[in-house]
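So the protein sequences, as listed, match chains A and B. The first sequence begins at 0 in numbering that gives the first Met the number 0 and counts up by one. The second sequence begins at 0 in numbering that gives the first Met the number 0 and counts up by one.
Possibly wrong hints are sitting among the right ones.
Identical copies go unnamed one by one, so any copy, or any two together, can satisfy a pair.
[To be verified] Listed below are the simulated BS3-like cross-link pairs for lysine-lysine, each with C-alpha atoms no more than 30 angstroms apart in a straight line: (1) 98 - 159; (2) 137 - 167; (3) 167 - 206; (4) 204 - 267.
No lab work stands behind these hints: they were computed from the structure.
There are 2 protein chains.
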Amino acid sequence: MFNKISIIGCGLIGSSILRSVEEKKLAVKISVHDKSNQVMEYLKKNFSVDTCSNVSEATKDADLIIISAPLSSYKEILLSIKSSLKEGSILTDTGSAKKEVNKIVINLGLKNISWIASHPIAGTEYSGPAAGSSSLFKNRWCILSADNQIAKNKLENLKKFWSKLGSKVKIMSFEDHDYVLSLTSHLPHAVAYSIVRTAINNEDKFKNDVIEYSAGGLRDFTRIASSDPLMWKDIFIDNSENILKVLDNYSKNLDQIKNAIKNKDSKKLLEIFSSTKKVRKEIIEAGQDTEEPGFGRK
Amino acid sequence: MFNKISIIGCGLIGSSILRSVEEKKLAVKISVHDKSNQVMEYLKKNFSVDTCSNVSEATKDADLIIISAPLSSYKEILLSIKSSLKEGSILTDTGSAKKEVNKIVINLGLKNISWIASHPIAGTEYSGPAAGSSSLFKNRWCILSADNQIAKNKLENLKKFWSKLGSKVKIMSFEDHDYVLSLTSHLPHAVAYSIVRTAINNEDKFKNDVIEYSAGGLRDFTRIASSDPLMWKDIFIDNSENILKVLDNYSKNLDQIKNAIKNKDSKKLLEIFSSTKKVRKEIIEAGQDTEEPGFGRK
Numbered sequence: 000m001f002n003k004i005s006i007i008g009c010g011l012i013g014s015s016i017l018r019s020v021e022e023k024k025l026a027v028k029i030s031v032h033d034k035s036n037q038v039m040e041y042l043k044k045n046f047s048v049d050t051c052s053n054v055s056e057a058t059k060d061a062d063l064i065i066i067s068a069p070l071s072s073y074k075e076i077l078l079s080i081k082s083s084l085k086e087g088s089i090l091t092d093t094g095s096a097k098k099e100v101n102k103i104v105i106n107l108g109l110k111n112i113s114w115i116a117s118h119p120i121a122g123t124e125y126s127g128p129a130a131g132s133s134s135l136f137k138n139r140w141c142i143l144s145a146d147n148q149i150a151k152n153k154l155e156n157l158k159k160f161w162s163k164l165g166s167k168v169k170i171m172s173f174e175d176h177d178y179v180l181s182l183t184s185h186l187p188h189a190v191a192y193s194i195v196r197t198a199i200n201n202e203d204k205f206k207n208d209v210i211e212y213s214a215g216g217l218r219d220f221t222r223i224a225s226s227d228p229l230m231w232k233d234i235f236i237d238n239s240e241n242i243l244k245v246l247d248n249y250s251k252n253l254d255q256i257k258n259a260i261k262n263k264d265s266k267k268l269l270e271i272f273s274s275t276k277k278v279r280k281e282i283i284e285a286g287q288d289t290e291e292p293g294f295g296r297k
Numbered sequence: 000m001f002n003k004i005s006i007i008g009c010g011l012i013g014s015s016i017l018r019s020v021e022e023k024k025l026a027v028k029i030s031v032h033d034k035s036n037q038v039m040e041y042l043k044k045n046f047s048v049d050t051c052s053n054v055s056e057a058t059k060d061a062d063l064i065i066i067s068a069p070l071s072s073y074k075e076i077l078l079s080i081k082s083s084l085k086e087g088s089i090l091t092d093t094g095s096a097k098k099e100v101n102k103i104v105i106n107l108g109l110k111n112i113s114w115i116a117s118h119p120i121a122g123t124e125y126s127g128p129a130a131g132s133s134s135l136f137k138n139r140w141c142i143l144s145a146d147n148q149i150a151k152n153k154l155e156n157l158k159k160f161w162s163k164l165g166s167k168v169k170i171m172s173f174e175d176h177d178y179v180l181s182l183t184s185h186l187p188h189a190v191a192y193s194i195v196r197t198a199i200n201n202e203d204k205f206k207n208d209v210i211e212y213s214a215g216g217l218r219d220f221t222r223i224a225s226s227d228p229l230m231w232k233d234i235f236i237d238n239s240e241n242i243l244k245v246l247d248n249y250s251k252n253l254d255q256i257k258n259a260i261k262n263k264d265s266k267k268l269l270e271i272f273s274s275t276k277k278v279r280k281e282i283i284e285a286g287q288d289t290e291e292p293g294f295g296r297k
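Just chain A, with the same shape it has in the complex (with noise of 0.2 angstroms):
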């Protein structure tokens, strides 16, 4: 499908492209390159692909550039590669948040080189590249967002990628896409964080029971809240604004909660809680989570 394919960061995202392209064979060629000297260790000993320990190395002539490093890094990537990028190529990330990106990538400059965003709704609560895997993006969606005036030829190429990878595909506006996001994603993972810190405080004589009944709810919390700290940093600084303003609006319903108890309010306290019962309904209508109870986990 492309001659070469470049992935930047070859963490949990990163590893999971490239062990479903070499799988899939959808490159002659791959280089990979991450920063950490422990990454790129696992993957000479793992991949039989080219590691570049220079940026601009792995990226010279590829045809496809995947970033895939925690946001705070673009900056410093694209300023590295972009003398060297190949014109005609396809440059893309599978970052969480696109807005702020988007107008790093627009100050560049770039001439001739086709700026598409990824976004693949998909990973797990591990990181690293020992943490991939070759179908961690099938049945997935996967978001592109680009300008108006992008090649619909270039556009197509990277739909038909990750139509590849096994994701279906959405195109979304930069800032459609932070919005939704942040309620589909960064307002979950703020309040999980929030929700764990509260329950576990290690000064607690409670602490231990604590762990021990998880079981009645917050055991599902603390997976989200044992995301990758330095990549949900950097989307809370990236995506400020959004996730700001939709915090402002759960404080809003969680306030409503808090006085329909105060109140002993029963019918208020009824009513919310029916409200959201067909919301998970509808996510498992649309292949979005399983049917099974507890997740069907064992």
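Position chain B against the provided structure of chain A, taking the given hints into account.
Positioned in the frame of chain A, the structure of chain B alone reads:
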């Protein structure tokens, strides 16, 4: 083990007890009652037990009476069965809050009845008798609470009963139970209901997008937010004091994140997000969740 067991309320939990008691032959006779005609029809059709439309009839001569109904129905049930309870019998329940219920039982002034509260930390997001399973309690904790003067042999009998259902049993005071569960279960439910209400605004043009891209985190919360509304409004009213207290602590933790986002304080965000990572590991080590990525869901 018991001559006669009576189960009052046969939804997810009650019917799971019924299935397990039958399967393991823990009683010579079993009688059941549910105030819903639909549930009674289901029980008649699927079980060969004594289905009593009259609750005091169901509990007559029972050696173990298990109330597995919403907390707000306890008072009426207890007043109805009070005079027909057998001397020397054990009265228990399966409720998620204990302090208020204990007051109700004490006020009844039962004579020669051993009141020992039970709380099996087990369940799913589904409700009703068809959702029950005989293995629901396997390897799950069950917390017992009783006054200090309770007869040791009665406590032992009830411990054995839950052990036979597959549970691991712990004893905890009514007060400690309600505090610990406010952290592990009631707070997570309040938060889940709030977040789903925030993310899904039926008037919002992005509603369908939010459903489609819920795999970024939101879908996890919709499971808990689809729990039985009737049961949960009772829990929030019964355990209001603890829940309001932990909700205040939670809001403080959330404000820390909000302020760090406002100030684009990478260091603080990294510190917050790093602090919760190891809790997941502790919960997995305690056997309270799977280490499979994404709960191992398909």
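Hints, verified against the model:
1. 98 - 159: Within one copy only: 24 angstroms inside a chain, 60 angstroms across chains, cut-off 30 angstroms.
2. 137 - 167: within (8 angstroms within a copy, 39 angstroms between copies)
3. 167 - 206: between (43 angstroms within a copy, 19 angstroms between copies)
4. 204 - 267: between (34 angstroms within a copy, 26 angstroms between copies)
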